[in-house]
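2 protein chains.
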Amino acid sequence: MSIPPPEVQVSKVLVLISAIVLLCACALFRSSAAVKPVVAASTSEVSYDKDGNLLVPQNYREWIYLTSGINMSYTDTSAAAHDMFDNVFVNPEAFQTFLKTGTWPDKTTFVLEVREARNKGSINLRGHYQGTDVMGIEVHAKDESRFPGKWAFFEVDSSSMKGKLIPQSANCYSCHSAHGAVDTTFVQFYPTLLPTAEKKHTLSRAYLDENAAPAAKQ
Amino acid sequence: MSIPPPEVQVSKVLVLISAIVLLCACALFRSSAAVKPVVAASTSEVSYDKDGNLLVPQNYREWIYLTSGINMSYTDTSAAAHDMFDNVFVNPEAFQTFLKTGTWPDKTTFVLEVREARNKGSINLRGHYQGTDVMGIEVHAKDESRFPGKWAFFEVDSSSMKGKLIPQSANCYSCHSAHGAVDTTFVQFYPTLLPTAEKKHTLSRAYLDENAAPAAKQ
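Sequence order for the protein chains is A and B.
One point on numbering: in the working numbering, the residue at position 50 of the first sequence is 50, and numbering is uninterrupted.
One point on numbering: in the working numbering, the residue at position 188 of the second sequence is 188, and numbering is uninterrupted.
Bear in mind the hints are in silico, worked out from the structure with no lab data behind them.
Values in this document were obtained by computation on a predicted structure and should not be read as measured data.
Glycine is no exception: its CB is placed at the ideal position from the N, C-alpha and C atoms.
Hints are supplied without guarantee of correctness; some may be wrong.
[Claimed, not checked] Partner residues are not named here, just some residues of chain B that face chain A (Cβ under 7 angstroms, in silico): (1) Ile123; (2) Gly127; (3) Ser169.
[Said to hold, decoys possible] Distance condition first, Cα-Cα at most 27 angstroms in a straight line; then the derived DSS-like pairs of lysine-lysine: (4) A:Lys107 <-> A:Lys50; (5) B:Lys50 <-> B:Lys164; (6) A:Lys162 <-> A:Lys100; (7) B:Lys100 <-> A:Lys162; (8) B:Lys162 <-> A:Lys100; (9) B:Lys120 <-> A:Lys199; (10) A:Lys120 <-> B:Lys199; (11) A:Lys200 <-> B:Lys120.
The whole structure should be built from the sequences, with the hints applied where relevant.
As structure tokens, this is what we get:
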């Protein structure tokens, strides 16, 4: 077996070094490129099972918080039977688009979490704070190619985080359509987004007419 | 000038290729490493000006939402003069650490936003929703090397988002220290974190004793 000259040995070592460096570079690129989609998919994308049920990520509370209300009702003036807060979250991508455009992009997803309101506990002496019991979860999702009216409502089981489609004939669809400030959504109750919609002139005609009527001025 | 043998020419080319690949790898590493701190700095890090004032990011509402209350008081049992919600946010890094450990890391920052509560408006008939007016902002920040007791409170101007240090003699320090469920913070009012602290056994002795007392059981 002949021994190759020193230059050839050096060049072989350099080829090996090049290959290692290239592999490391590729691995680095793959890992840095892979981080973002994985995080986004695990935190802010809903999906559907084969029966059309909505699958909501467990960590929806890490989405963007929009607002909270307590004992709100659009139909009932009598006192609430149980004090309940509602917290609204939206997926971060949709929120960022709304800030730029004043409208909701395809795949926008709102999660409405209904949570028990407690009065006395620890050192609190008055008012209400939120307890650990979740009383209900609803989702309002935009998927232009999936739903006839672009949007759909789902009632979500808080254990499985699986959402059952609410039929298009339900009141929530007609009420949101008639009164939603932007694209059938209640932006009038999202305090940091209402000014954006006003600035971008994206408030619905129905909402503007309703608020211009004397009866609505309170 | 003598022409070097082909093996030496090849090895020079390979050295050049190695150097280029290495430079690219370094550039790639630097750019991927640089992305995260820049994003973090713009979204979830507070800083201090030369006078020790706290500078809070404008987008604190894109941090992690912890809870909301309405008209809460730890000292006053009389009715609230104005209905007000409070919303609590924490920086995402601290939240992720809490999920793993049940405790707050250095640089934890809470923002308490006090917001007007409205009753009638748009189609709402009862209860309260949040309006566009921010009535106050307070911050509770942990910075072990900066503050004698590791934590400090700040009163924040909602226009400039500049926070003025509240003196250590103020009631908020002694109250949080005496009643905070975890590390001087009111985790007892953060519904998704209280179970974590219970599971990780990080609830303070003071909180556990207080809750074991019959008078606190309501």
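For each hint, the structure was consulted:
1. Hint status for Ile123 of chain B relative to chain A: holds, with the closest Cβ pair at about 5 angstroms, below 7 angstroms.
2. A distance limit of 7 angstroms between C-beta atoms decides the matter here; for Gly127 of chain B the minimum to chain A is near 3 angstroms, and the interface restraint holds.
3. For Ser169 of chain B, the shortest C-beta to C-beta distance to chain A is roughly 20 angstroms, which exceeds 7 angstroms, and the interface hint is violated.
4. Distance check on the hinted pair: Lys107 of chain A and Lys50 of chain A sit about 18 angstroms apart at the alpha-carbon level, within 27 angstroms; holds.
5. About 12 angstroms separates the Cα atoms of Lys50 of chain B and Lys164 of chain B, which keeps this hinted pair within 27 angstroms; it holds.
6. For a cut-off of 27 angstroms, the pair hint linking Lys162 of chain A to Lys100 of chain A is broken: about 31 angstroms separates their Cα positions.
7. Among the hinted pairs, Lys100 of chain B with Lys162 of chain A is consistent with the structure: their alpha-carbon atoms are about 26 angstroms apart, no more than 27 angstroms.
8. Restraint check for Lys162 of chain B and Lys100 of chain A: the C-alpha separation of about 26 angstroms stays at or below 27 angstroms, so the hint holds.
9. Between Lys120 of chain B and Lys199 of chain A the alpha-carbon distance is near 23 angstroms, which keeps this suggested pair within the 27 angstroms criterion.
10. Note on Lys120 of chain A and Lys199 of chain B: the hinted pairing holds, with a Cα-Cα distance of about 23 angstroms set against a maximum of 27 angstroms.
11. For a cut-off of 27 angstroms, the pair hint linking Lys200 of chain A to Lys120 of chain B stands: about 25 angstroms separates their Cα positions.
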